[in-house]
Amino acid sequence: MALLKFRKESKFKYRNLLDLNDSKKAFNSPLSVICHIDLNAFFAQCEQLRLGLSDNDPVVCVQWNTLIAVSYAARDYGVTRMDRLEQAKLKCPNLIPAHTAVFKKGEPTWKYVDYVPSPVNHKVSLDPYRREGKKVLNIFRSECDLVEKASVDESFMDLGRLVFSKIMSLFPSFLDNMKSTSDKLPVIDKLPEGLDFKGFMIKKDNEAEEEPEIAGENNIYLVEDWDDLVILIGSMICYDLRKKVEENLGYKTSGGVGRVKTIAKLASGYQKPDQQTIIRNDAIPNFLKHFRLTDFWSLGGKTGTWINENLGGETPISTIREHYSNLEDLTKILDKNAELAEKIYLMVRGEYAAPLEDREAVKSMASNKNFRGNSVSKRDDLIPWIRVFVGELLLRIQDTDEEYNSIIRPLKMTLSVLSSSGVRHSKQCTLTQSPKDYDLLSQMYHSTSLALLKHLEVIWNETTPSQKMFPIINACLSILVFVNLSGINTLDELMPNIRKRRVEDVKTGQIIETEHEFKKVKNETLLEKFINSRERTSPSPEMKFDNIPDTENTDNCRICGDKIDITEWQTHQDFHLAVNLESKINRNFEESYGERLLNSTGRNKKLNKKSNKAQDRNQSKLPF
DNA sequence: TACTCACAG
DNA sequence: GGCTGTGAGTA
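All residue numbers for the first sequence refer to full-length UniProt numbering, where the first residue is 1 and numbers rise by one.
Just so you know, the hints here were simulated from the structure itself, not pulled from any lab data.
It is possible that part of the hints are untrue.
What the hints assert, rightly or not - Derived DSSO-like pairs: lysine-lysine, alpha-carbon spacing no greater than 30 angstroms straight-line:
1. K25 - K243
2. K204 - K190
3. K104 - K436
4. K166 - K179
5. K204 - K289
6. K468 - K412
7. K134 - K111
8. K289 - K336
9. K204 - K184
10. K204 - K8
11. K272 - K91
12. K204 - K166
13. K184 - K166
14. K363 - K412
15. K135 - K412
16. K243 - K272
17. K436 - K105
18. K272 - K134
19. K24 - K244
20. K24 - K11
21. K179 - K8
22. K272 - K302
23. K24 - K166
24. K89 - K111
25. K179 - K190
26. K105 - K134
None of the values given here were measured: they were computed from a predicted structure.
Modelling step: build the complete structure from the supplied sequences, incorporating the hints.
And the structure:
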């Protein structure tokens, strides 16, 4: 229960509270309220709900024979993520193992299968969890204007505006006496009806006279100033958000509420599952007693270890706080790394206020697969997996398009391969076409990734001739640098050369004869065309596919009649596919953007300017 | 652009 | 441990 016991004068100013209403400033206010919400054992919860099971069913999410998420019901049997499936079954005979969805080798879509998939013929798909995670995120976004997605199953939220408007409605006249924003905030003499902390409270020092510093329902928690009041309101909002997720989607969450991200994050992990923890500013020292420096986000690895070494060994957070009461001392200890020192200095006080990053846009998407033994010992073994990679990436592009009701396309594609000899090479190219149509897109990506593969083989021969490329133990296809083509009026900013050529073509009324162009450069590979069509200032290394050693395995191409080395067969077919594709793409491309393109060539400059502005506004709102 | 390292869940 | 992702840094 909350007990209002305001000090004679608030420590805070009007400005501190007003800042909450500005999403750019709120995080930095001493009255900021950040919450962190985490989906408990998320993948297991997804599987539990998908299979129509209850919280009491000991579900685990399985990948091959390892556990990637363990439900709380299964944890009751002592099952942990470290267990192999067999060990887990011994601990819990009625265990319910749910394998992730998988792609079958050679297939472009994932499925849940009714047998136990093997890593040799399958690739795990985490898509179902991404989709569910997105649903949760959408609920958060529907309530809160600043949400940072920290991972597929956790988010930070800046509750500033929500808290501020709640205060405005609770104390409608509280701004009346304000003369300057640097005035001290008024003293509250009465807590409005219905206001109370929601969740697990960490005690302040002056509340700790009973035994533990944490207490139950009947305890009384002080509201001594505005910082306690905003956290109280924040705890109610956090609770409502979590309930909304549970009611709409069925997922149990844990939450944390505090002044900054690092505190909120530690708090949400403190009581699990289905519980939230509240940290008032004055309770921060007590709360941090439960953690080590390396528990802070970003300090879990070498950096945290290095800091501890410099401090002369593992040092409690409270010791760091008390011993290094001035920043200079800490900076000296930390090898004069002023930035890091300040961060640590603030962190141990719970005052490290990092802004929330409202980046909803994905920066890259990758489809990755580890191969076992010699299962990919030659080029042909990799092809079916490339089909899978392309399929997976395409599904994700479709999802993104749907989510934002836009056409969102990557500008770059990278293929990376790790050979069993330990050598990794990667090759990136620029994608100069991005058809709206998914079949075309898929074919294009397929051709492009095969061309990249071809290039990688050349790279291997040229740079590491002593190390064999095959067998391959890992391959990864990724797409990156996304643009939203829906908002594009002029393609000038997007694809300089392509567009210039097109604009000229449109002006002169010529039809683009892509096939002809292709034939003209028929000694160039598709990849070279992609790369070189962008800019020729830094030519890519020649890909002398002609130089591949002669073999007797040659045949005539049925399309062009050329004699084709058998090792070139696939590439050659891809070339024809690409030629064919190119014309289709262009038709599609012109259909989609042709009119806009015309508008942007100067026929109607005013209109164009206007629409550009509209686009700017649009883009600042749109994630891409 | 290619590659490596660090960190996280 | 396997898988997916981001960001920093280097040449």
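Hint by hint, here is what the structure shows:
no.	hint	result
1	K25 - K243	holds (28 angstroms)
2	K204 - K190	holds (21 angstroms)
3	K104 - K436	holds (26 angstroms)
4	K166 - K179	holds (22 angstroms)
5	K204 - K289	holds (12 angstroms)
6	K468 - K412	holds (27 angstroms)
7	K134 - K111	holds (19 angstroms)
8	K289 - K336	holds (27 angstroms)
9	K204 - K184	holds (23 angstroms)
10	K204 - K8	holds (19 angstroms)
11	K272 - K91	holds (22 angstroms)
12	K204 - K166	holds (25 angstroms)
13	K184 - K166	holds (20 angstroms)
14	K363 - K412	holds (11 angstroms)
15	K135 - K412	holds (28 angstroms)
16	K243 - K272	holds (15 angstroms)
17	K436 - K105	holds (26 angstroms)
18	K272 - K134	holds (22 angstroms)
19	K24 - K244	holds (26 angstroms)
20	K24 - K11	holds (22 angstroms)
21	K179 - K8	holds (19 angstroms)
22	K272 - K302	holds (27 angstroms)
23	K24 - K166	holds (19 angstroms)
24	K89 - K111	holds (25 angstroms)
25	K179 - K190	holds (23 angstroms)
26	K105 - K134	holds (27 angstroms)
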